[in-house]
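We have chain A already, so just place chains B, C and D on it with the hints.
Top line first, the protein sequences correspond to chains A, B, C and D.
Counting in the working numbering, the first sequence runs from 9 upward without gaps.
Counting in the working numbering, the second sequence runs from 9 upward without gaps.
Counting in the working numbering, the third sequence runs from 9 upward without gaps.
Counting in the working numbering, the fourth sequence runs from 9 upward without gaps.
No wet-lab data here; the hints were simulated from the structure.
Be a bit skeptical, because a hint or two may be false.
Claimed, not checked - Below, simulated DSS-like cross-link-like pairs (lysine-lysine); rule was C-alpha separation at most 30 Å, straight line:
no., chain 1, residue 1, chain 2, residue 2
1, A, K268, D, K208
2, C, K184, C, K148
3, A, K268, D, K98
4, B, K98, C, K268
5, A, K88, C, K22
6, D, K88, A, K98
7, D, K208, C, K279
Said to hold, decoys possible - Just the calculated beta-carbon pair ranges, DEER-fashion:
no., chain 1, residue 1, chain 2, residue 2, range
8, A, H126, D, T247, 39 to 45 Å
9, C, G63, A, T40, 29 to 35 Å
10, B, V160, C, G63, 51 to 57 Å
Yeah, the Cβ is synthetic: ideal placement off N, Cα and C, and Gly gets one too.
Protein chains: 4
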Amino acid sequence: MADRIILIDCPDEKGLIYNIMKVIYNHQLNVTSNQEFVDGVSGTFFMRTVVEGNGWSSEVEKELIKKLPDRATVRTSVMKKKPVVVLATKEPHCLGEILLKNRYGELQSDLKAVVSNHDELRPLAESFDIPFHHVPVGSKSREEHDERVSDVVQQYSPEYLVLAKYMRIFTPEFVKRYPNRIINIHHSFLPAFIGASPYKQAYDRGVKIIGATAHFVTEDLDEGPIIAQDVLPVNHTYTAEGMAQAGQDVEKNVLTRALKLVLEERVFIYKHKTILFE
Amino acid sequence: MADRIILIDCPDEKGLIYNIMKVIYNHQLNVTSNQEFVDGVSGTFFMRTVVEGNGWSSEVEKELIKKLPDRATVRTSVMKKKPVVVLATKEPHCLGEILLKNRYGELQSDLKAVVSNHDELRPLAESFDIPFHHVPVGSKSREEHDERVSDVVQQYSPEYLVLAKYMRIFTPEFVKRYPNRIINIHHSFLPAFIGASPYKQAYDRGVKIIGATAHFVTEDLDEGPIIAQDVLPVNHTYTAEGMAQAGQDVEKNVLTRALKLVLEERVFIYKHKTILFE
Amino acid sequence: MADRIILIDCPDEKGLIYNIMKVIYNHQLNVTSNQEFVDGVSGTFFMRTVVEGNGWSSEVEKELIKKLPDRATVRTSVMKKKPVVVLATKEPHCLGEILLKNRYGELQSDLKAVVSNHDELRPLAESFDIPFHHVPVGSKSREEHDERVSDVVQQYSPEYLVLAKYMRIFTPEFVKRYPNRIINIHHSFLPAFIGASPYKQAYDRGVKIIGATAHFVTEDLDEGPIIAQDVLPVNHTYTAEGMAQAGQDVEKNVLTRALKLVLEERVFIYKHKTILFE
Amino acid sequence: MADRIILIDCPDEKGLIYNIMKVIYNHQLNVTSNQEFVDGVSGTFFMRTVVEGNGWSSEVEKELIKKLPDRATVRTSVMKKKPVVVLATKEPHCLGEILLKNRYGELQSDLKAVVSNHDELRPLAESFDIPFHHVPVGSKSREEHDERVSDVVQQYSPEYLVLAKYMRIFTPEFVKRYPNRIINIHHSFLPAFIGASPYKQAYDRGVKIIGATAHFVTEDLDEGPIIAQDVLPVNHTYTAEGMAQAGQDVEKNVLTRALKLVLEERVFIYKHKTILFE
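If we strip away everything but chain A, and leave its shape as in the complex, we get:
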């Protein structure tokens, strides 16, 4: 039986770990991994515990809730691959990386389909035997296009949407359908260079380091909770295009690092920030 992941957050109080472990111990569950964090500022307790699957029953969850403070959240899930749909535009590097890692089991992903507003990436997706859907924008309004994308996406019932350099902004209506379920890669070290053309902005400002940021998508553009970031040194010999090219490896590495964390249920979202149990 697959391992069970238990995610708990609640107001901090004395004896929490004791009370949680008592329930787990009474059910003779073996803890294979356990991590806690107390946010001292807000007095909030977070815990990620993995127990071996045998002996698990929904009773455990019920008992945990009974033992915990009123505003506790307890989520449990089985460790297994999750259905994912990728949205991309024209750049192949992030999509290619996900296709490779999905194929060789390096992510807990079951990649169902690739959806794009352009047709350029079709051969790449199809060479990995992943269905590709071209949803051209044409004369459609943003609302109409998002509606059409949504129709295509929904047939795969994905648990997560991954924006692998999808160069369009979703309507709030679209975002609301996937709360904390859309992961984007932004090609800058947020919050520097929000919006379009971050490499051009970085070039103009003359920064000595560029970066990439993977974050959850919220209704506020480029403002969602950050999951992972990384950087790359640059210098005066880089044009804006050179930065964009050099940044590709960082973008794809940051995006798949974030995906790995999310798909393995290692991420709490709290107060617009993430808590990562790596």
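Below, chains B, C and D without anything else, positioned relative to chain A:
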């Protein structure tokens, strides 16, 4: 005789290196280091050449100017320690690092004095036998205080002013007196988190990497040409104060790296950006 | 009352966290920080828990031992500054960094004295009002010199000895007196370039990255448990001396990072390796 | 007409750059990029110059040789894609990365074929329409197998062989056929952990950073000139397998970084080390 540094910038044209090297060769000067960069976007040529001191005369400079295009700039200087004044407030880490590196000759600096709006750092400066001047703000206006600081600074005729966590903003009048001669360390990865309390801003945004930026001070706050940047990974366990503490090592390393470049005449400023010959 | 740090290691078994937390809970101690790690290969459990000082009594420790498996180790200590003696030779950068961080309370250290086989660093130590002892080697054998050093060191009853570029090798007898209590900085990315002149070795091999390693000193030279490492990119323009100079910042940063971990009781040594609760 | 790359190395002497630039200037060639390096230890001059293709003739090369010291080497080549054969075994990450970057023109490579001692990677190569050759070892001696591999490779007349986690050691005879033309990725930060199972060695030693090294293959195993290296922080929670998995991204990034440098003719080999004009 000390080595001579030659810094040239001019519009790019065919034969530039040839023409420059002809002058140097005709004077039988030995080139010990030579670096060029052509900014393709603006068509501008930059060169830093170091020649052995023997055989150098002001004639060389004159001949170079004659051979170069009209808008050429030729600057030459002897490789030697330059007078520097440090301004700081209360935090000792950047000042301490400069005091150590200055004492052991790791920077081309001749540290003349430390000036501060507080008195806390006096023992640190004085234990390195560096004069310390406390210029309290009291009820003085910004203009009056800057004037007073300026009086103290000027007695040392510094070539560069270093703001080692000097937590005040200079008036434009003060800045104008030292064009491209004031180096500041900003405790964020600019242009993220401009202004006050960057670590607090970083904490609130939930970034996964923090950084520091050394830059020339211009009249636009935090907008001057960037010389050096570096970063440090952080996570949800860091408070804003924890970030500030962890960031200290990055701040001091970035500041002294920038100082080393500036004091060794390795920095061109062009279009509000820096070109570094490292 | 100062916080109390509890360090536990024992064979892993079901219910460990539960049993430990039960004791802590029964004594009404508040847990401010808690970290566990199970080494799956050997089946060993490690835990670092910090509880608020009020309510602590030696009873807690006794009860914990009773509840734990036979081969358990329980160590507890109060969070406070620990007496430290630094040994150095001629290079000032590591010593300077420790003097600064010790003075401004950035390490949990109470620096008692500096001991050196040369006299060069005396002014540096004394400018920070730290006693300096010059123990010249002269015609003394290694054993005699170590004996003399030991005499000087022992008068300060240090909890840790820090080798801040101390360029001599201790006799096994000396090392045995301070088991897991001597921290050294080696100027290479161990296990690359063991022994003397690691930068020269790095230069000859043409590596593109150099590093530094802080480790506990054991009787096997450069083979003790590694606490911290970091690296720096280099290239063909670096001579061996240039690498040595560039490496200084990494050396001092790695050494003080390791010291911080050790002095805050965040380090377990197990099977010649370290487990760090950062 | 494609740009022309000129690579020169020779004993250093006064006037070298002048003499070289005179030839280039006399032929009215436009220099688009120029980099020099003088190895002060051996007194050797290295230069990489790129000139626009128009106006180039073999005369230029002849004149350069005439102007340069006796032991000068002048190599020139056109900037264009070079034929490459990849050898791999079972791990897909490095091969996958090369297939992607080759397909999208991010390397100056024309990937002709993949050769392997196993058949696992066939689908990956073939999904990118690259011929795949399985050359099983079976009961063949190392010499026989290398001979067979050589037969397959030679039909593609590759300029470079890339070992993308090819887990066999070549005979000296094989290596001699491709002097400075075989690029390998070793899964450690050389010279640490030479030979087999570097991640197991790294785990056993308890290092805090792991790495990867791309190098030219010589007859001395893992001793060839290093082209690129990079590292990744690890800690006590990593098993040897966990390190191997985490190291994959570093391996593939380092390998393709090295390939890019080699294929763009940015690498000099000198005294068993590399000089990189990046």
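Evaluated hints:
Between K268(A) and K208(D) the CA atoms are separated by roughly 24 Å; this keeps the pair inside 30 Å, and the hint holds. This hinted pair checks out: K184(C) and K148(C) have alpha carbons roughly 21 Å apart, not beyond 30 Å. At roughly 23 Å between alpha-carbon atoms, K268(A) and K98(D) fall within 30 Å of each other, so this suggested pair holds. For a cut-off of 30 Å, the pair hint linking K98(B) to K268(C) stands: about 23 Å separates their Cα positions.
Our distance criterion of 30 Å between C-alpha atoms is met by K88(A) and K22(C), whose separation comes to about 24 Å. Taking the CA atoms of K88(D) and K98(A), the gap is about 25 Å. The hint holds against a cut of 30 Å. With a CA separation close to 15 Å, the supplied pair K208(D) and K279(C) stays within the 30 Å bound. At roughly 42 Å, the beta carbons of H126(A) and T247(D) sit within the given window of 39 to 45 Å.
Taken as a hint, the range 29 to 35 Å holds for the pair G63(C) and T40(A), whose Cβ atoms sit roughly 32 Å apart. Our hint of 51 to 57 Å for V160(B) and G63(C) holds, since their Cβ atoms are close to 54 Å apart.
Against the hints set out earlier in the document, no violation occurs for any number.
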